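With chain A fixed as given, assemble chain B onto it according to the hints.
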Amino acid sequence: MVKILSRSIREYKLPSILSPVFVAVEVFLEVLIPMICSDLINFLQGDTFGVHGFSLVGVSTGIQVSDLGDGLGYVFAYAGILIAMAALSLTFGILSGRACAKASAGFAKNLRKDLYYKIQDFSFGNIDTYSTSSLVTRLTTDVTNVQNAYMMIIRIAVRSPLMFIAALALAFTKSWFIALIYLGVAIVLVVLMALIPMRAMKIFHRVFKKYDNMNLRVQEDVRGARVVKAFVREDHEIEKFNRASDDIRDDFTKAETILALNSPIIYFAIYGIILTVCAFATVMIVDTDSAFVQATGSLQVGDLTALVQYATMILMSMIMLIMVFVMITMSVESGRRIVEVLTTESDLVSPENGRKEVATGDVEFDNVNFSYAGDVNKLALRNVNLKIKAGETVGILGGTGSSKSSLVQLIPRLYDTTTGSVKVGGVDVREYDLDALRSDVAMVLQKNVLFSGTIKENIRWGKPDATDEEIVAACKLAQADEFISSFPDGYDTYIEQGGTNVSGGQRQRLCIARALIANPKIIIFDDSTSAVDTKTDALIRKSMAESLPNATKIIIAQRVASVEEADKILVLDGGEIVAEGTHDELMRSSDIYRDIYNIQNKKEDDGNA
Amino acid sequence: MPENGKKETVPEGAPDGLPGRKTLKAMNKERKKNMPKDKSLGRVLGYMFKNYRARFIIVVICIVITAVVSAMSSIVLQILISNYIQPALEGTGDLSGLPGFITVCAAIFLVGVAANATYNIIMARIGQGTLDIIRKDMFRKMQTLPISYFDTHQSGDIMSLYTNDVDTLRQLITQTVPQLINSGVMLLASVVIMIYYSLWLLLVVIAGVFVMLLAVRHIAGSSVRYFIVQQNTLGKVNGYIEESMHGQKVIKVFCHEKQAKADFDERNDALCDAATAANTYGNILMPVLGNIGNILYVLLAIIGSLMIVLGGVNVGFISLIDPNAGMISIIIGFLTIVRSFTQSIATVSQQINFIAQAGAGARRIFNMMDTPPEEDNGYVELVYANKAEDGTVTESDHYTGIWAWKHPHKAEGTVTYHELIGDIEMHDVDFAYVPGKTVLHDITLYAKPGQKVAFVGATGAGKTTITNLINRFYDIEDGKIRYDGININKIKKPDLRNSLGMVLQETNLFTGTIMENIRYGNLEATDEEVIAAAKLANAHDFIMRLPDGYNTMLESDGANLSQGQRQLISIARTACENAPVLILDEATSSIDTRTEALVQRGMDKLMEGRTVFVIAHRLSTVRNSDVIMVLDHGRIIERGTHEQLLEKKGTYYHLYTGAFELE
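From first to last, the protein sequence lines stand for chains A and B.
Per this note's numbering, the very first residue in the first sequence carries number 1; after that it's consecutive.
Per this note's numbering, the very first residue in the second sequence carries number 1; after that it's consecutive.
Just chain A, same shape as in the assembly:
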């Protein structure tokens, strides 16, 4: 997983390396400062004989003065060194902060880009395996999580262990005995502190599920606001929500109560260490002759101040390390989900040197079997054989689940057949360059989507270089020109995300215009006029027949009226073509067709009755 994710670092390798290097320098300086300070204090204090020795990092330089008044120069020397170190530490702190920000933001950018590009290359089949919302989460929340983890890794995760080791090492130079105490306490603390988040994490895991549950309540209530109000079920909803909210409160309180122990434990450790060090160090400073101090070594007052500071540094770095560890483990799941997308190979690729030209609008299905899962036992389409000549209009009828959409989606090769072949213009669709094939096979999907942008921009999707005249022409064909012109901004009307500011019927007509503008050889309507009234529906079909006489038109519809005048009507049932023919033929031969027709046109019954 790390290997795949790290491929996205690319041009941000340098800051990714610089960041920990700068951090290391910063830590080094930061740890040395108390050391020099303790030298200074030791110098001021002098030894028991009143001799003030000038030493650096605990190492004596051999220079000694017996009267502090003469040591003023040395005090300034300490001052110079200390200020220079603090200034350097500041510089490196800023440098590392910047490098880290650059590296992590850049990494996230590349990761998002890689994911997005990958998804663009997904086939319909790939898209189906992920839900839309899960793809969105991967691109947004998951990337942010990984970005934060990365920032932690190249900065804090370097800083804390370094700080721990350096502070402990320097504490050892002051007193191995006290340093050992630190080590002991640190180990105990790590164990305690690691147990707490582990227990809390378990509960958090549960809480997240309950969170989903609460979100679901809100979502259902908001989406179904009309239902709730119509049935006057506000109190019922409040009750459901309160239960969900209480659930969260109870579990969260449990988890946070466990986490609440963190802070007192840390304080307990810090206080304990301060007192222990004070007690032992006092003896080690004062009682230099005792057997205990003989064994452990003696100390000076300045050393005590340094040791106390190292105690804080060691404990704090431990705490940070545990925090980082928890945060990184939380992002592992996100990383896994990202890698899942990155390693998905598109199961449908454009052939190299594929045909760039679609000769005609002929369509042929040859013994086609198709299953979404590629499983021959779960066929969505069975034994489909079909020939459509260029310029023909073909209607497809059938109940929900009869695989009408599956059938037409094979034509622009949105899916590959499981067995058998689909030919367009006499050539197997798998031999075409995908872009070439799809720009000549226009399809209006059942799930119509417009994108935020002006109407013009939306229509241009079908043909990026379309002139304004072409756009108007296409909209006229789709019977959309009239309502577009009635908008104050006309063709520059801005379509909100999801096309919410136009009605369902208008949306469908815009989608049709978008498909027609490219002047395709084959046009497929997948139930694309369901929200358009019958008259407009008829007008669209009429204008298409007039303006695009050579294009093959394949129309999936619920209304018999929409397909009645087609050259050929297919009736699908359970993934099979159960009837095929013109309206008149089918009225005679197909029970299903006649059934549908009669239900929709009770007028006939009236006539008979």
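Source of the hints: derived by calculation from the structure; they are not laboratory data.
Small disclaimer: the values here were computed from a predicted structure and weren't measured.
Example chain A residues on the side facing chain B (calculated, C-beta under 10 Å, incomplete): (1) P34; (2) Y211; (3) Q309; (4) R514; (5) A518.
Stretch-level coverage of chain B by chain A, calculated; a stretch enters the list once three of its residues show a Cβ under 8 Å from a Cβ in chain A: (6) 79-86; (7) 136-146; (8) 256-266; (9) 594-608.
The beta carbon of each residue, even a glycine, is placed where N, CA and C say it ideally should be.
Okay, now just chain B, sitting in the frame of chain A:
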């Protein structure tokens, strides 16, 4: 001291909840001009104070104890050196008092740890409890909002109030508030101790703190600013991602991948820039503060040393403690206290981002909560009733199959009962969603009890709008609607809606079993009644074919069912409600024709004996209506029975025959 301490600890930008602080109020007023969020944060804190006053006081006391003990821990070293080590080294004392001193310290520290544990545990409860109360309040409030709120806000935006925005409050209440109080007390205690030690050195510290504050102002200010930029760009990128993931199949059909990639890159690069800037400032805040602290620390050491070396400074003048205690111990004590002092400043400044986020979150939450609720001035109630043979109607305490309107007359102090018969009249009704943009004009119609009234017309003609007025999802601008002779404005909204059964085009089922979903129509329905309703709607057969029958769990709006099955359940739900008047809004539009025939039979049974309003796209489904209204641009342009309208050869005729026009 605690009094003063509190003043220090008032969180930045949040003090509205604390009354009686003149200076802060004055500051607030000024801030309010550019930061209106102050009030929202104050309200959030108000929730906490109101519901957990006693516990919060305990928390504050415990935090003060914790902070004071923590500040005291930094003078242990000084006392140790000046009272034990120095005298022992100089031969003027010994270590006999040391164990006692350590014991006292240990005792004090234990109190501190105990206080720390206490406030953290109580705070976990207060925090979660407060969030729970806020969430419930939000939801309860949301239930009272008019349908226009839901029509004008995206469900995603509303959802994020409960997730993202409440989350920012969690951080504020459980982390920021205690930390600010803690750091405030720490700062104050540190200052007191420093005054006690040495005024001269304190001046150095104050100078250092001044520099720190400047740095914080600059860095944290920029950080917040860039953070907001980052959130905005992130919002844009997320919006783009969401849109393009939803339209991914369209992108592929139109071979739009290249353009999509380019558009994405543009936004993604902008986000990268914004994130780099925001994180840079975020990342350097701590090192800058820490190292200013270091420099301060070094300066103090140097100045202190000079004082000793020069020896000429009158220690007694600059320090309140025993001048004999020795300058070294003072410096050492000072150095430790300065550490904790700068640490506290760093902690406070780190919280600025959280406060900014919580402010924005709280503002959005209260925006929703401050939306005016749906008004209901109705006083006529719907009650179960008995009908005597002479036609007099009396109230009953249980279901009888007969309902009555209970109409109190204030002037006379009497109550009259009318039987609910389902007679609805509209007189000259005008309506506009947005003032000035009238969408319905002069609608007048009569629906006699048991009649079926159909609305026909193009999308946007105003069909659904009319039904929205009958159940008062929206209120009319002009004209009158009468229900059994009563102006519907006089009827209590819940009672009005209970008397109207609705089936909507969007099914909107709820997570739960099928049984529960059908029972949504009538929470008191028995299992038998639910099954009877399902049978009426022709849903029983398919439900029985499901592996778990009526106990089948529906997930996310019934995604595990087909569209037609969902619609059948929603019809069964309305059947279960058994309301005397029905509104069917395109109830069968998304079902294929053969399933529709099945549903239609169920609906026909449901409609028997009730007043029904039907909206349908397929004219075949409204043909047997008693009256058909043809709507166009908000006006009724034709009305009559199917036959009358056909004879008229007007719009209806054209609509109806439109499909056959090309034959």
